[in-house]
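**Student:** Remember, the working numbering sits 401 above the position in the sequence shown when you count from 1.
Check each hint, because a few of them may be wrong.
With a cut-off of at most 16 angstroms between alpha-carbon atoms, the simulated EDC-like pairs for lysine to aspartate or glutamate come out as follows [claimed, not checked]:
| # | residue 1 | residue 2 |
| --- | --- | --- |
| 1 | Lys642 | Asp584 |
| 2 | Lys527 | Asp627 |
| 3 | Lys527 | Asp480 |
| 4 | Lys698 | Asp627 |
| 5 | Lys642 | Glu666 |
To be clear, the hints were calculated from the coordinates, so they are not data collected in a lab.
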Amino acid sequence: MALHVIVGAGPVGTATARLLAERGERVRIVTRRGTGPEHPSVERVAADAADADRLAALTEGADALYNCANPAYHRWPVDWPPLAAALLTAAERTGAVLATVGNLYGYGPVDGPMTEDTPLAATGTKGRVRIRMWADALAAHRAGQARVTEVRGSDYVGVGGTSLAMLVLPRVLAGQRVFLPVDWAAPHTWTYIPDVARTLVAAATDERAWGRAWHVPSAPAVPMRDLAARAAALVGAPAPKLTRMPYPVLWLGGLANPMARELRETAYQFDRPFLMDSTAATATLGIEPTPLDQVVKEAVAGLQG
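Please take these sequences and the hints and turn them into a complete structure.
**Tutor:** Structure, rendered in structure tokens:
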């Protein structure tokens, strides 16, 4: 059995660990508190992944090292650089493929669907953090010092996710009004968490995927309004009551609320169409996106369970 080391036990890290364990692989999941899914093939280790020496020791002999970490949103500029550096160092020392879970922040606002060839032109703080992480990893790959890949998804839908959809759906199911700075009618790509795990493992274990980024295969874009309506219909809840918050209200809220302040940078993702093209991963890695109706059904079941 090959050894796979996963850093982070959030929704994607947990889904990845379970996927690999169910395939009969040996999994070591590293978190600060030693958390993670319970499975005979999953070893849970408490360690600081930003400690490059410790992480390299834990990665020794592994086929792949998965970066599924998720620092606090407002601490990205502080927490990501040392953590990303330690992950890359561990990959360089051990020869394990570094497979990173990325996102679309690096592209910044764009017109039209994003592909893996869309320039990484973000000017916001969090976007620049993600650009730097990928640039460092890619430079090491091109220099022959490491083997790396990255998979990027849009907003997650699935149990444990904290995206807009997973914040809105519980209120919709409860028949409550939702008041957010969102164009509820704008088409938006939604990415299913288990599809992230499938793409991550495929990219880590297929040498054709190394040295470039991939978009997680995701269902055709639909507006948040439609996603909410599908969820409400499944449980017989009232039609969603969705109200758009004016941007100045969000800006003012950021004066007192750190999360609202962080959302200013990414508000563009929800005030216009936000479209991700994932055909490359489907064509090369053979991964088809989970149908959106199934995604919504499982998300609703998770919220109710």
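**Student:** Given the hinted pair Lys527 and Asp627, is their Cα-Cα distance within 16 angstroms?
**Tutor:** With a Cα-Cα distance of about 29 angstroms, the restraint between Lys527 and Asp627 is violated, given a limit of 16 angstroms.
**Student:** Given the hinted pair Lys698 and Asp627, is their Cα-Cα distance within 16 angstroms?
**Tutor:** Holds, at roughly 14 angstroms.
**Student:** Does the structure keep Lys642 and Asp584 at a Cα separation of 16 angstroms or less?
**Tutor:** The hint holds at about 13 angstroms.
**Student:** Please work out if Lys527 and Asp480 have their alpha carbons no farther apart than 16 angstroms.
**Tutor:** Answer holds: Lys527 to Asp480 is near 11 angstroms, not above 16 angstroms.
**Student:** Starting from Lys642, check that the Cα of Glu666 is at most 16 angstroms away, please.
**Tutor:** violated, 26 angstroms
Checked against the numbered hints listed earlier, the structure breaks hints 2 and 5; every other hint is satisfied.
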